[in-house]
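2 protein chains.
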Amino acid sequence: MRISFVGAGNVAWHLAQALEHAGHHIVEVFSRDTRNARRLVNKLYDTTVVPDLDFAESAAELIILAVADDALDEVMQRLVLPEECILVHTSGTKTLEELERLVGIYSDVPAHTGVFYPLQTFSREVPIQFTEVPLCIEATEPATESILIKLAQDLSNVVYIMSSEERAIMHVAAVFACNFTNHLFAISKRMLDAEHLEFDLLKPLIRETVRKALEAPDPAMVQTGPARRGDHQIIERHLDYLERYPAYQGLYEVLTESIMKK
Amino acid sequence: MRISFVGAGNVAWHLAQALEHAGHHIVEVFSRDTRNARRLVNKLYDTTVVPDLDFAESAAELIILAVADDALDEVMQRLVLPEECILVHTSGTKTLEELERLVGIYSDVPAHTGVFYPLQTFSREVPIQFTEVPLCIEATEPATESILIKLAQDLSNVVYIMSSEERAIMHVAAVFACNFTNHLFAISKRMLDAEHLEFDLLKPLIRETVRKALEAPDPAMVQTGPARRGDHQIIERHLDYLERYPAYQGLYEVLTESIMKK
Numbered sequence: 001m002r003i004s005f006v007g008a009g010n011v012a013w014h015l016a017q018a019l020e021h022a023g024h025h026i027v028e029v030f031s032r033d034t035r036n037a038r039r040l041v042n043k044l045y046d047t048t049v050v051p052d053l054d055f056a057e058s059a060a061e062l063i064i065l066a067v068a069d070d071a072l073d074e075v076m077q078r079l080v081l082p083e084e085c086i087l088v089h090t091s092g093t094k095t096l097e098e099l100e101r102l103v104g105i106y107s108d109v110p111a112h113t114g115v116f117y118p119l120q121t122f123s124r125e126v127p128i129q130f131t132e133v134p135l136c137i138e139a140t141e142p143a144t145e146s147i148l149i150k151l152a153q154d155l156s157n158v159v160y161i162m163s164s165e166e167r168a169i170m171h172v173a174a175v176f177a178c179n180f181t182n183h184l185f186a187i188s189k190r191m192l193d194a195e196h197l198e199f200d201l202l203k204p205l206i207r208e209t210v211r212k213a214l215e216a217p218d219p220a221m222v223q224t225g226p227a228r229r230g231d232h233q234i235i236e237r238h239l240d241y242l243e244r245y246p247a248y249q250g251l252y253e254v255l256t257e258s259i260m261k262k
Numbered sequence: 001m002r003i004s005f006v007g008a009g010n011v012a013w014h015l016a017q018a019l020e021h022a023g024h025h026i027v028e029v030f031s032r033d034t035r036n037a038r039r040l041v042n043k044l045y046d047t048t049v050v051p052d053l054d055f056a057e058s059a060a061e062l063i064i065l066a067v068a069d070d071a072l073d074e075v076m077q078r079l080v081l082p083e084e085c086i087l088v089h090t091s092g093t094k095t096l097e098e099l100e101r102l103v104g105i106y107s108d109v110p111a112h113t114g115v116f117y118p119l120q121t122f123s124r125e126v127p128i129q130f131t132e133v134p135l136c137i138e139a140t141e142p143a144t145e146s147i148l149i150k151l152a153q154d155l156s157n158v159v160y161i162m163s164s165e166e167r168a169i170m171h172v173a174a175v176f177a178c179n180f181t182n183h184l185f186a187i188s189k190r191m192l193d194a195e196h197l198e199f200d201l202l203k204p205l206i207r208e209t210v211r212k213a214l215e216a217p218d219p220a221m222v223q224t225g226p227a228r229r230g231d232h233q234i235i236e237r238h239l240d241y242l243e244r245y246p247a248y249q250g251l252y253e254v255l256t257e258s259i260m261k262k
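From first to last, the protein sequence lines are chains S and D. Numbering follows the numbering used here, with no gaps: position 242 of the first sequence is 242. Numbering follows the numbering used here, with no gaps: position 67 of the second sequence is 67.
No lab work stands behind these hints, which were simulated from the structure alone. Certain hints may be false.
You can't tell identical chains apart in this list, so a pair holds if it fits in one copy or across any two.
Claimed, not checked - Straight-line Cα separation of at most 30 angstroms, BS3-like style, residue types lysine-lysine; simulated pairs:
#1 150 x 94
#2 94 x 43
#3 203 x 261
#4 43 x 150
#5 203 x 43
Using the sequences plus the hints, can you model the full thing?
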């Protein structure tokens, strides 16, 4: 397929290279930051940096919007589409309907809309095994859906058709399992720093805990700790200690209660 | 060293084998459940299962209490110590003082008390690289401390002298970073199950998030998500969805607030 990218951030960086590696032709890359676009194009075989969002004469059959959620509206205002192209976004939170709506409002040319959402976090420096990245696909028309599924299967062994509603739920679940988890690590480090204890000491335990949780049939089955054991003596001692961090004390209480309720 | 174990659970299982492997002699193993003791002894070279807690005639220079926290008191009531032995517990939450106190109350023979706490979670089936396990050491007397440190260094590259107070703080931090984290995974799975979405789909993202958090200089530096971005629109949408799980909605709110406060 002939594919163009709008956006040259972390998602575009990995996705464009993976698509080219799978035999597709990345025709063009646009980015607000031309240096980013140039950096990505340098990694590709036969790709042009384009200076604006006018794709009217583009040879692309597929345009991938790999931009931040809050940039989507502005991009769609300025985007000029070629005839008969497929237009997808890569967002976990934007609905397909929203993309359709933006095409309806801003574009003179219709498009076959869809979603091509890689359920993974990307960093430019860290190579990614794309075959393991779950790709969540959605499209307005069945024909478009088939094309996107085929494309996704060129990259990954884990391809899902997922509605915008399902993607939204997946996102809530990811906030709990990833964003909130990261925050708990940060709190843990802050408390240890305050006592000149090393967070590094805790890392082997964290790694093993996560490994167990993800290999168990259900993380709830491998829950441990004072809340799970109903060890009120330890819990009281911890709450006493946390007097010095009222905000963390509150978190400790609600999370402990939540574990006990099960 | 000649070492005996009280307890044949997961900690004893790994620690006894690692100590023997490092050239020490595991003399005896006691367990309430004799089958457990026998199972461990079968893994060792020249070790006896003992039927009770009378170690008066034992050749052991070190007795390791590898029992559950809530069994410690009962064990100490029945334990008969040999002369001049070192007695340690392996608990992350019990203080050294408590062990001294129990020796004072229940034992006719004094002991050199200490703590030998491996900061890791153990499962019998999962082999453990002991060289990577942080070992936290504490002792009443400097001479005992030296002996325990030397022993710990035979097993691990990460040996710490840690006071009971520091160990308690480490435990609070571990509750946040491990127990609460596991609970968030369980919540995440519960929400996905309810919608017939697979938790497996989220696992690559969880693994990569944890990897990033633990490799960053500070997990706070790699915090992502709607709370971090201050994306109130998404947060409202998530809270609406979570109306069906009032308990999780409460957690979402306090954790989001806590991230935003930074």
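Between the shortest in-copy and the shortest cross-copy C-alpha distance, which are at most 30 angstroms for residue 203 and residue 43: within, between, both, or neither?
-> between (35 angstroms within a copy, 29 angstroms between copies)
Should residue 150 paired with residue 94 be assigned to within, between, both, or neither, using CA atoms and 30 angstroms as the limit?
-> within (22 angstroms within a copy, 58 angstroms between copies)
Is it within, between, both or neither when you check residue 94 against residue 43 at 30 angstroms Cα-Cα?
-> For residue 94 and residue 43, only the intra-copy Cα distance (29 angstroms) is at most 30 angstroms; the inter-copy one is 57 angstroms.
Intra- versus inter-copy proximity for residue 150 and residue 43 (alpha-carbon distance at most 30 angstroms) | Answer is within: at 24 angstroms inside a copy they meet the 30 angstroms cutoff, but 53 angstroms across does not.
Given a CA cutoff of 30 angstroms, do residue 203 and residue 261 count as a within-copy pair, a between-copy pair, both, or neither?
-> Cα proximity of residue 203 and residue 261: in one copy and across copies (28 angstroms, 25 angstroms).
This entry satisfies every hint, going by the numbered hints stated previously.
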